[in-house]
Each structure stands twice: as C-alpha cells, then as structure tokens.
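Engineer: Residues per chain, in single letters:
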Amino acid sequence: MKFVTAILRPHKLDDVREALSEVGVSGITVTEVKGFGRQKGHTELYRGAEYQIDFLPKIKLEVAITASKLDEVIEAISGVASSGKVGDGKIFVSNLEKVIRIRTGETDQDAL
Amino acid sequence: MKFVTAILRPHKLDDVREALSEVGVSGITVTEVKGFGRQKGHTELYRGAEYQIDFLPKIKLEVAITASKLDEVIEAISGVASSGKVGDGKIFVSNLEKVIRIRTGETDQDAL
Amino acid sequence: MKFVTAILRPHKLDDVREALSEVGVSGITVTEVKGFGRQKGHTELYRGAEYQIDFLPKIKLEVAITASKLDEVIEAISGVASSGKVGDGKIFVSNLEKVIRIRTGETDQDAL
Amino acid sequence: MKKLLLTLLALMPMTVFAEGLDGANTSWILTSTALVLFMTLPGLALFYGGLVRTKNILSVLMQCFAIAGLVSILWLVAGYSIAFADGNAYFGSLSKFMLIGVTEGSLSGDIPESLFALFQMTFAIITPALIIGGFAERMKFSAVLLFSAIWLIVVYAPITHWVWGGGWLQEMGLLDFAGGTVVHITAGVAALVAAIVIGPRAGFPNKPMPPHNMTMTITGAAMLWVGWFGFNGGSALAANGDAAMAMLVTHISAAAGAMTWMFYEWIKYGKPTALGAVTGMVAGLGTITPASGFVGPAGGLVIGIVAGIVCFNAVILIKQKWKIDDALDVFPVHGVGGIIGTLMAAVFASDQLGVFSGQGLAEGMTIMSQLQVQAIGVTATFVYTAIATYIILKVVGMITGLRVSAEEEQQGLDIVSHEERGYDL
Amino acid sequence: MKKLLLTLLALMPMTVFAEGLDGANTSWILTSTALVLFMTLPGLALFYGGLVRTKNILSVLMQCFAIAGLVSILWLVAGYSIAFADGNAYFGSLSKFMLIGVTEGSLSGDIPESLFALFQMTFAIITPALIIGGFAERMKFSAVLLFSAIWLIVVYAPITHWVWGGGWLQEMGLLDFAGGTVVHITAGVAALVAAIVIGPRAGFPNKPMPPHNMTMTITGAAMLWVGWFGFNGGSALAANGDAAMAMLVTHISAAAGAMTWMFYEWIKYGKPTALGAVTGMVAGLGTITPASGFVGPAGGLVIGIVAGIVCFNAVILIKQKWKIDDALDVFPVHGVGGIIGTLMAAVFASDQLGVFSGQGLAEGMTIMSQLQVQAIGVTATFVYTAIATYIILKVVGMITGLRVSAEEEQQGLDIVSHEERGYDL
Amino acid sequence: MKKLLLTLLALMPMTVFAEGLDGANTSWILTSTALVLFMTLPGLALFYGGLVRTKNILSVLMQCFAIAGLVSILWLVAGYSIAFADGNAYFGSLSKFMLIGVTEGSLSGDIPESLFALFQMTFAIITPALIIGGFAERMKFSAVLLFSAIWLIVVYAPITHWVWGGGWLQEMGLLDFAGGTVVHITAGVAALVAAIVIGPRAGFPNKPMPPHNMTMTITGAAMLWVGWFGFNGGSALAANGDAAMAMLVTHISAAAGAMTWMFYEWIKYGKPTALGAVTGMVAGLGTITPASGFVGPAGGLVIGIVAGIVCFNAVILIKQKWKIDDALDVFPVHGVGGIIGTLMAAVFASDQLGVFSGQGLAEGMTIMSQLQVQAIGVTATFVYTAIATYIILKVVGMITGLRVSAEEEQQGLDIVSHEERGYDL
Ligand SMILES: Nc1ncnc2c1ncn2[C@@H]1O[C@H](COP(=O)(O)OP(=O)(O)O)[C@@H](O)[C@H]1O
Ligand SMILES: Nc1ncnc2c1ncn2[C@@H]1O[C@H](COP(=O)(O)OP(=O)(O)O)[C@@H](O)[C@H]1O
Ligand SMILES: Nc1ncnc2c1ncn2[C@@H]1O[C@H](COP(=O)(O)OP(=O)(O)O)[C@@H](O)[C@H]1O
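Chains as they are written, first to last, in this note's numbering: chain A, 18 to 129; chain H, 18 to 129; chain L, 18 to 129; chain B, 16 to 440; chain U, 16 to 440; chain S, 16 to 440.
Don't read these hints as lab results, they were simulated from the structure.
Once the Cα atoms are required to be at most 16 Å apart in a straight line, the calculated EDC-like pairs of lysine to aspartate or glutamate come out as:
| id | chain 1 | residue 1 | chain 2 | residue 2 |
| --- | --- | --- | --- | --- |
| 1 | H | K51 | A | E49 |
| 2 | A | K115 | H | E89 |
| 3 | B | K283 | H | E67 |
| 4 | A | K51 | L | E49 |
| 5 | S | K286 | A | E67 |
| 6 | L | K86 | L | D127 |
| 7 | L | K19 | H | E114 |
| 8 | H | K102 | U | E423 |
| 9 | L | K51 | L | D71 |
| 10 | H | K51 | A | D31 |
| 11 | L | K19 | L | E79 |
| 12 | H | K51 | H | D71 |
| 13 | H | K86 | H | E39 |
| 14 | L | K51 | H | E49 |
| 15 | H | K19 | H | D125 |
| 16 | A | K19 | A | E89 |
| 17 | A | K51 | L | E79 |
| 18 | S | K222 | A | E67 |
| 19 | S | K336 | A | E67 |
| 20 | L | K86 | L | D125 |
| 21 | A | K57 | A | D71 |
| 22 | H | K57 | H | D71 |
| 23 | L | K115 | A | E79 |
| 24 | H | K51 | H | D105 |
| 25 | H | K19 | H | E114 |
| 26 | L | K51 | L | D105 |
| 27 | A | K19 | A | D88 |
| 28 | L | K115 | L | D127 |
| 29 | B | K222 | A | D31 |
| 30 | L | K19 | L | E89 |
| 31 | B | K336 | H | E67 |
| 32 | S | K222 | L | D32 |
This is chain A alone, in the form it adopts within the complex (with noise of 0.2 Å):
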C-alpha cells in the first residue's frame, strides 16, 4: 500500500475530493498546512510597519492507497489541482506498511 501526501492550493480541495472520488478513493484525511515555497507570500501592513509573510495558506492531503492504484491517484490529483502558477504544490509518494480500520479491526486492503 501506498500513502500519498498531497500540498494544494486550499481552493482547489473540493475539485480533487472529487476526482479521487472517480477513482474510487473513500476517504481522505485534510489538515490546515502553512507553507513555503517559489510561491511569493505577500504584504502586511500595520500602522506604517511592513511585514513580508512568507507562509501561504495551504492544504496537506492524505490518503491511503492500495499500491495499484497509485498511478491512477497521482493523475487525478495533478490534473485538477494544477493551475500552472507557482505553488500548486507536490505529491509525495511513501510506502504504508499496515493499515487498520479500527471500527473492524479490518487491515490493509479491507481497511482502505
């Protein structure tokens, strides 16, 4: 099994559910991310004092995949989340050795 974590652009979240959905991927993990990057942050401003923020706002996706599938994932994630502007992000690809569901105690396969 494969786990495959993606960093988007946060409103690009709904469009790549939604593509995993078609390839039948059940369920995602979605946390609250900063990132640094290319991409330039922008300004702040208060009372005259300029602040350059570097952190950008973005998504971290997870999910658990069945080796298989893998290619198939990393398509539907690159195809709807690019906009060809920097800072659309990465994919990062490890190996999962177990999973467990833990309403069943289902593992692996039967887990995802």
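Based on these hints, arrange chains H, L, B, U and S with the ligands on the given structure of chain A.
Structural biologist: Showing chains H, L, B, U and S with the ligands alone in chain A's frame:
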C-alpha cells in the same frame, strides 16, 4: 522503528493517550484534521440555503515507537478508540528510519 | 529521497527556516500541532477549578529532501532548534519513494 | 386669573411653552445619536462582517468605517444642506454649506440644530453602509468609496429632502416616521441594483459560502436591536409618549419578526437557526421603521409577523430562485421590509381597528387614501433610486472599475485591498 | 405673595408640579431601557457564550435571543398585566391584556406607561435568560422555549406583582430596588433546580470544560457593567439624585466585587484570573441590585466586598463540593448574591451607621424589623420559585423531553439543534 | 408686569432658574457616564486587546478590568477629594474622603454631586487604562496594579485639580474642555516613559508582532467613537447647545482623522488599512477633546485632519525611527494628539476665523495670549507627568519588579500571570 498515524474521533483523544501511556509510550503529537470517509457529515442551514458538510472534525495522532511495540500500540489504540460506529477512523503504520532527540542529539531508540 | 518531519518549539520556526535555506532547502510545509511528552504543560484556573493542560503547542515541520542532504538538514535543524531544555522536540526521518511537482509534472529530485 | 395661569403653566409640560431649547428632548436626542452611530459602528459592521468569509472580514468592517468617515464629512459640507435647507420640492439648497450659521445657539424645533444635523448624519451614515451587503466580497475599495460619496449626494440627500426636508412627499402626507423609504428602500434597492450590475461572487450559487463567524453576526444583530431604539425612538425628536410608543412598537416588531422567521424555518426546514432568528429580527426592525411613530403595540406585532414571513420568502426568491447574488440579502430584508412597512403604516396608523389601532390618520385621510400616498412614496423612491444607482455604478465603473480581478477575489479582499488579515490566533 | 409663589415655582424641580409627563425622567428611562436590553443582547449572551465549549456557543446565543423574542411577546400579551395591572395581593389581572388602553398619552407616574411597560419588559427578558446558564450545553431547544414561556407567566410575573406591582411583599415594605428578589433570586434558584433536575453535563465533574472564548466572556461582562447603570439607575424611574446615587453605589459594588474576588483568588490559588475578576464584578452587581436605591457609597463598597467573598465560596461549594452542574454558576453568583444583597439592604439603608449610612429606613422600621421583612421576601421568593420551577420542568419534560441524547450532546447543540457552526475561521 | 415676568419665566429654559437639580442635565450626564465607562469596558480593552499577540490578549483585557476596579475604589476613597474638594492651587483636600457628605440630595451645579463624582470616576478609569498600551505584553501584573494606583493619586488627581478642580491652570484660563491635558497628555507621556524604562518587547523591532485579532480592534475602536460622545458631549455637564456642538465637532474630527490617515497611508504605502483608519479616528478624537467645547464644525474638520497627519508621522518617528517600543502607540496617538489639540483649541476657539470660527475666546484673550496659556498647560502637564511617572516606576520596580522574565514573556502573560487562555476554539 515504526511511525504510527491514527485518525480518531476527537473526544477519544484523552482515552487513547492514557491507553498509550499504559503501554509505555511517553510522547505523542496531535493534529486537528478534517476527515472524509464513509461517515456522513452534517447539514448546515443559513437563511434557507442548506449545505452538506462532508468533512468531519477528526484528530490525527502520530507516535514514533520501537518496532517491537507495534502490536501492543495498535491494540491500545483500537481498544479504546472503537465505538463500533462508522467513523471510528484508521491506523496507518509506516517504517521509520531514524529519530533524533533535538535537545540531546540522542538517536533512534534512545530518542523515543 | 527522504522525508524529514521535525517537531519544534513554535518560536524556533523562523530560525529553523533560515537555517534550512542556508543548506539549500527551498520548500517546507508547517503545521500547528499539540505535543505531549516529557515537558510539563501548564495549569489553567477557571472559577476555582484548576485544570492541568498536558498538551503543549508545537510546530511540525515537514520537508522532502534528496537523501544526500539528510545529515546536513538534520544538523541545520538541530543546531538552531535546541535550547537544551526538555521539550525541544524530535526529528523523524522516513523514506520517500516519489515526489511530483503538480505545476510541471516534474518528479523526484527535480520536483524538490 | 393670574394664579390660574400660573398653575396651568406649572402643570403643562415644559415643551409646550418653550420656544427655546428643551433640555429633556435634547438629552434624549443626544443619546439617540449615540445609539444610531452604534448601529453602524460596530453594530452593522459586525452583523455583516460575520456573514462573509474570513478572507473578506476586514473589507466589510473597513467599508463600514470608511463610509462613516466619508459620509460625515460630505454631510457637513453639503449633504445636510441639500436635505434640510430651504429649497424647492425636490432639492434643498447649498445655503447651509459647511453648516454655516449653525452655532451652539441655533435651534431646530426645540433642540439644538447642531444636534439635529448630527442625528441626521448618523442616518446618512448607515444608509450607504447598508448597501455594501449587496456587493460584499468582490467590489474594489476605491469604487466603494466613490460610489458611496456620489450616491449620498445624488440619491440619499434629495430623497431625505422629499420626505423629511419639506419636499413633495412630505407635502403629500407620506408617513415615514424613521426611514422606511429614506433609509431602507433606498439602501435595499441600491444593493439589488449593485448586485446585478457587479455580478455574483465567483462560485455563486454552487459553492456554499457559509458565514465565517456567526457569533460576530449575532453580536452585531443585538447591537442593531439596541441601537434601533435611538433610530425610531429618537425620530420623535422628543422625550415623550411618542418616543416611548415608537420604541415599544419597534421592540415588539423586532421580537415578532425574530420569532416568526424562527418558527417558519423550524417548520419548513426542521431546524430553527440563530441566523434565521436574527435576520427575522432585523426584518422586523426595518419593517416597523416607517410605521413606528403611528401604530400601536398590537399593530407592531402584526407588522413584525408579516415582516418575518414576507422577508423570509423574499430571501429565497431573490437568492435561490432568481440567483441574484445580493450577498448579504440587503434587498429582501431591508428593501422589501421598507416597502411593506411603508404600506402597512397606512393601515395600522388608523384608529379604527380596535386593539390593532394606531394613533390615527391625518385629518381627512382614510386607510385607502393614505395607502395611495404611501404607494406613490414607495414607487418614487424605488424608481429614482434604481435608475440613479445604475447610472452612478456605470460612471464609477468607468473611473475606477467596479470589481477586483478573479485572482484577487480568490485571495480575498483583506490582503488585496488592505494588506491586513482579520485573525492571527 | 404671587411673586414669592412664582419664585418658588421656578426654584423647585419640575417634577414636583408636573402631574403630567416629565421629559427629563422620560429621557432617562428611554435610555435605561436601551441599557437593560443591551445587558441581555449582547451582554449576557456573550458573557455566557464565551464560557461554554465551541460546539455549543450558538445554542447559548440563540437561547438568549429566542427568549428575548418570546418573552417580549408574552409580556405584551399578558405578562405586564399580570405583574402590574390592579389585582389582588398575589396576582395582577388580565385587564391590560395586549397592553389594551396603553396609548402614547397614557402615563405611569410621570413617564409614559408604554415606556414603563417596555422598561419592565427588558427586566422580564433578562430573568429567564439568566436561567439558561444552569442547564447550558445539554437542554433541548424546544424545552428551553416552553420552559421559559411558562416560567415567565407562572413565576416571574406574579413575583413581580408581589414586589413591585402592589402585592403583598410591597405592602409589607420589602426593600428591593431593582430586582434582588424579582430577578436574581428567582433566576438563581430556577437555574439550580433546573441543573439538578436535568442532571450534569456528560463528563462532569471529571472532564475539564474550560471556556472556549474568554475574550467573549470579558466583553459580555463589560457590557453587563455598563448596562447595569440602566438596570439600577433606571429603577429610580427618574433622572434625579436617587438615580445618580443608585448608579454610584452600583458601580462601587461592581468594582469592589471584582477586586475582592481577584485578590481572594490570588491569595488562595496564587494567580488572579480575568474570569475571577469579571465573575466578582457580576456578583457585586447582582448583590447591590436590591440595595442600590437605599444605601450610600461606603455601604456599596462593603456590599461589593461581601459579594466577592461569599459568592466565590458559593461557587466552590455548589460546583466542586456538592457537584451540582449549574453550568455557568447562576445560583452561586446571582441567587446567592440576590439573597445576601436583599438582606444587606436592610442594614446599609440605615442612616445610623456613620460613613456607612444609607438613605434611611422607612418610618418606624429598625434594621432588625426590616431584616425580618427582607428574610420573608427572600424565603417566599426562594420557596415559590423552587417549587414552581420543579413542577414546570416536570411538565415540560413530559411534553418535549428536557435533554438531548448523549450522542447529540457529544456532537454539540449548535449542529444538533440549529444546524449552524459558531466559527469557520 | 407680572404677566411679562411670568411669560419670560415660561420662555426661558429651566436651567436658568433652577438653583436646584436640573432633570434634563442629570439625564444626559447619567447617560454620558455610561458612555464613558463603555469607552474603557469594553471599548479600549478590545481596541488594545486585538493589537497584541494571542498569548497576551487576556493580560490586556484583565489590566483594563482591574484598573477599572482599583481606580473606582481609590477615587471613592481619596481621588475625587484630591481632585475636586476645596484646597490650594495644586491639590484639593481630603475633606471628601470616602465621598463623605455626598448624599442623594447633594448637588454639583445643577446635577447631583454623586453623579458628578461618578462621571469623573469614569475619566479617572480610562486614563491609567490608556497607559497600559505603552508597556503591554511584558509588564508584571502586580506592577501594573501598584503603578496605576500610585499614578492615579500622584499624577492624575492633582492634575485634574489644576485644570478642572479650581487649580492654577484653571485660574490661568487654560482651555481643556474634556481632557486634552488631564487625560491624553498625561496618559501619552506616562506610556512613553514607561516604555523607555521597561524596555522593548523581546524581538522588537526586528520581529513582526502583528495584531492577533483586527476584528476585535476595530470593534473596540467603534465603541470608542460612540463612547466619546459621552466623554466630550458630557463634559458640557448639561443637555444643551454646548453639549450638542461638542458632540458634532467630536464626530467631525473623528471622521476627518480617520479619512486623513487612510488616504495618507494609501498614498504613502499604496494600501489603505483598516488599522490606519481606526487609528486616525482615535487620533482625531483625542485631538479634538480639549477643543471640543470651544470650536465650530469647520474647526473640528481642520483639527481632525491635522491630527491624522501629525499622529501618523509621530507613530513612524517614535516606533520606527527612535525604536521606542511604546507597544500600542499611546504617546504618538494620545500624547501628541492631546498636545496639538490643546494648542489648536486656542486658535479655533476664536470667533474671528470666518467659517472656521469657534465660540469665542474669553474676554480680553487673543489667539496669541491664549496660545501662551495653552503652552504653559501642555508643558506643565508633560513635565510633571514625565518626572512623576519615572519616579513611580522606579519605586514600583523596587517593590515588585517591573517585568516578567524572558521565558515568561516568551510563554505569554495569559498563562504566566493569569493561568488562562484567550481562545480554545
Ligand atoms: N521540499 C519540500 N518539502 C515539503 N514541502 C514542500 C517542499 N517544497 C515545497 N513544499 C510545499 O509545496 C508548496 C508549493 O511549493 P512552491 O515552491 O511554492 O511551488 P511549486 O510547487 O509550484 O513549485 C509550498 O508552499 C510548501 O508547502
Ligand atoms: N484511505 C484513507 N486515507 C486517509 N484517511 C482516510 C482514509 N479512509 C478514511 N480515512 C480517515 O478516516 C476517517 C474515518 O473513516 P470513515 O470511512 O468515515 O469510517 P471508518 O474508519 O469507520 O471506516 C475519515 O474521516 C478520514 O479522516
Ligand atoms: N514518540 C513520539 N512520537 C511522536 N511525537 C513525539 C514523541 N515523543 C515526543 N514527541 C513530540 O516531541 C515533543 C517534545 O517531546 P518531549 O518529550 O516533551 O521533550 P524532548 O523532545 O526534549 O525529549 C512532544 O511535545 C511531542 O510533540
């Protein structure tokens, strides 16, 4: 070493933390996340517009452990986090190559 | 490639980010988390009821790097994040199989 | 005989005799002025602010603040004069430009004229501030300012003259105690026109845009309720039974509007929401406004109930059926409320309705004849406001542009227009 | 002679002569009415709202709002009449049903009766709103509404008649200037009974349930302080020295209560908390309420200090020792405060206490004889409220059920009862 | 003849005759008192609170609250007497210790003395509360309390005596209608001295410390605007044309200050910020304060514009050039505003300026001679406050220490000083 990530119902956190203490886990890291899965979300109503909110508040618990404790830890979590109703969450296990305790520079088992 | 996750004291974030820049890391992702470990939390007092708050605010920093940079990165983080007092946090290293830059579709080293 | 006169003098309220200043009335209008300012700042600002998304919260608060500042100055310079200086049936004059001649000794009736001008200024502030709900979350800040400034002079000040400054609607006998036409219809119609001209927010109506902070909205609504006592009660321009009755019926209508909306929603959707209750309350307040000086408690109750039902359906109609993105529902709540309130004033002012009686229509008026006058007032206000607002928007659009770019809208107005963030918790 | 009379006339305050309306008094009571409404909305709503957990914030705000709406209508329909229309020693009558006969010209004393009815309405609103602190975070919304409605008619209106409407306690000479018995004891006792009948929140007392937004609670507390000027100062029903002195002692007591609680906590637990300070302030305000029209500044100081100490210990006793989940400490703060304030009124009203003197007891009364009257007032209010509240809760329980299910409680009332969320930052 | 007299009597406002209490004036000052308390609680508390970082929010709210409590008691005990009891040119006396002799019947002019003492108490509260902005986010709570207490007695009460209590500056003819010297200069200077003595916050000026909740700051600013009507309008101590004109010019200056700062910033930095607008508004309010009873509308406009420009540059100068960490900019906004306002009062009070005329200088005064008096008033207040504040801080430092430890500052004052957290959303 193993890295265990559990997605839980928020109100189970305290119980899980205690259960982990009992099996000798002394450190954990917790994140507020939003989950999407089989469990149905709720409706929100604003001036006659009904919104279906699919994302549910969940807690992500991350804990690094020595490999030999894995089963015990999974048991501990599953034991208290399960309510038998859809939405109890999952446990993901992956391999952890290295751990460093920043304060002392200790590594691996000593750093846990 | 390696995926490095560091749990840090919140006010160390800016220093760590700079230290990472210096060793050539150009992107990171940051999450606000709550940590539980050896460091003692604080007490809160509401109308005579004292609560022990065990969870402490921490920052989780995630960064994907090429394997060869691992030691340098660990050094960089440890260097500035350490205060010598309990609660400085940990660094977790795991293997990263694949990285994709969503914007361009570049993969692995090129995507970092 | 002299003794009798003396006694009479003593027994009658001061105001009857005082050709000079009446301290008690002054005291109440000083207070009312504070209450009406409080309605906009922070009342309306919070009510509206809570309803938008986090990324636009400051833009809403800032627009309310900036309008308060800008309008105050324009009112001083020319607005008050256009509205209240002697002139013709349609327009005052510039004789009170810069409030020239208004000193600490000048009176307007039995209160200081400086106070009357200030009290009216707070009405002039809230009206354009109400409009921003129509184009919230997408309009350029420069355009908001320019639009509000022109609108104040071209729409608000003249209509105020028509209704309260001795103009043609006042002559005709229009009943508008505290601003059903002047404030609520003008604001509601302007918001509707602006929403149409500027177009919907990106994603509307498919993407849900829930309020980012309902606690803020409810806090603001509560402040509106309290402040409205100054709005309607103060419009008596005296501390007497008229003021008291206006406050009482205002309160009753607010309560009735809130309860009606709440139960209606409960029945229709299965749950009573806090947003529903406070929206119904605001609808009740807006609707009673023109009628508040003329009706009795039971009349206020009916007006509040009608407000709840009609405005509820108006929201559904405009937003969900017609898909007009009047973002914070200004027209269905204030515009529609102002219209039905102005009409109902003719009915419940009558003293022929038993327990539902009001304070009586003017000599020679019947409900029907008064209704005609009210209808003319509503129509004139509606049409003039709609046309003028449309033209002003087109002009402003040519000068500054009306809308931020799609990308800026996506990022949010707070950072884009003001380089600030609402929360950094 | 005539000249003398004339001069006398001129020198004496208007009110002495005016059998008609007094504008100054009217002005102040119009203002006070706004201040008292402000205490509930948004004051109390925010004070309470900040103390609950995020998932229940809207339920608290909504309950305050809905009670304000519902009570206003019931007060119009029957509450005012039961409390203030002529009747017997225990109950008014229905002769002022729907405020029939209350026109813009009717007076109550030297202020408009419509104003008096509205001023009293704001008291009728805050009392059941105070009670919700007892059963917060677990009661069904329908049950809250039904309970509040019945309670208003069965408990609040009659007791108001006893104390202020010409009833038996007023006859007996009970000193309750602004509602120590009528408002605070009734609300405190009802909250206690409700907390016991409904049972504790899931997890109580083991699970900590810290306030979700202390800034909201402090904001609400500050509004209560300000609004209380209308509550106690307005209860003079005049803009005179009595009103002023009532406001002064109210303020002093609030300050003393806040400081006492703060230092007490500092000594006992090592840290002075903001919640402690504002709770002490509210205790000081509640406690001075019945006494505020009778005591002097130094008396107010002592009352505030006593309030801080006694209410502090009452909170510990009820919540931590007795483990009664009166969730927001309504009884220990308001109930206990009301009781000790009503009793202390008898003492510090005396003009025999040197610097601690008040305005003097009634002809023929001594501190001890007055204390007896006060004790009867307290006991009667306590017992009647307790029994009636218990019965009402049982009745409501049979009709709607009192409590949401365990699972719903877990999920939070905002989503479960209102399908809304407080924050979406 | 008698008839004439009679008629005259009837025509002239009550106040002229009344050697007794004037109900209308009393009504307005009762209201104003509530408005001024509202400025501190919650107004200023929120305005300041939003500007600090989350970890210190409660410390700010708590300091405002605790100062309100502490000062109220000290004012009762001795402050009022030092400021307003008969004494010499520099100091009142302790003859009104514990407000002895102030009963419900005592008058001060034509309002109750209890009311005058309370109205002034609310001024005494806000002044030390303003100071906390200078040392926010780092001072020990015990030190804040001790400092505020001593400062009230040693600085505030005597200077109040100088200016309003019959002291030497009043004798000299200093124009300070509502507290340019008494409130704003003293608070601004004390904050500056405190900021220097205590030293900057850790990380200043390199580390950005953006406001944690701009919505809170704007809400507080709005409340300040509303409350300031009581501050300046109430300072007329009457409900008349003076009060009304004071309120009007106050409002105009606030609006002008806000707009000036906003446009200035827009031009200079490319974006108009909400914080800029509200800061300009507060600057406009602080600056008009001493002048508000003497100038006309156009004068108010100029004063507001000058306030916006000068205070804006003062902020940049103090914070960014001089690197003094007056954390919430108390000196540049209030201190500088108070200074230039006190000076401009001399100019715009003149009735020789055409449309910019005010109500006229005192018999025999010219703009230049009045300016001299004003300059003496400013200098005396500035120097005395600076020296006394410095000494008080040194004394307090020896008793309690002034600053929390570096580690505690890092953790935040909320947990460290009060064991509470602002938000748990
Ligand atoms: N090496 C990395 N490790 C972890 N997260 C990264 C890394 N590089 C980028 N990110 C995340 O991806 C986001 C987008 O990266 P950025 O360089 O701005 O644009 P792009 O992905 O288009 O190249 C960043 O905000 C950050 O959250
Ligand atoms: N494939 C997945 N990858 C990541 N997270 C998942 C996945 N499936 C479920 N989750 C997380 O687990 C939570 C519970 O899943 P759900 O399907 O609702 O119930 P259950 O775990 O009882 O089957 C989800 O809300 C989501 O956060
Ligand atoms: N085994 C673990 N797994 C995951 N996170 C951990 C683990 N141990 C500690 N942490 C995280 O590291 C933080 C610091 O740990 P702590 O034991 O307090 O101090 P130190 O790192 O100095 O030993 C904790 O707050 C927690 O977030």
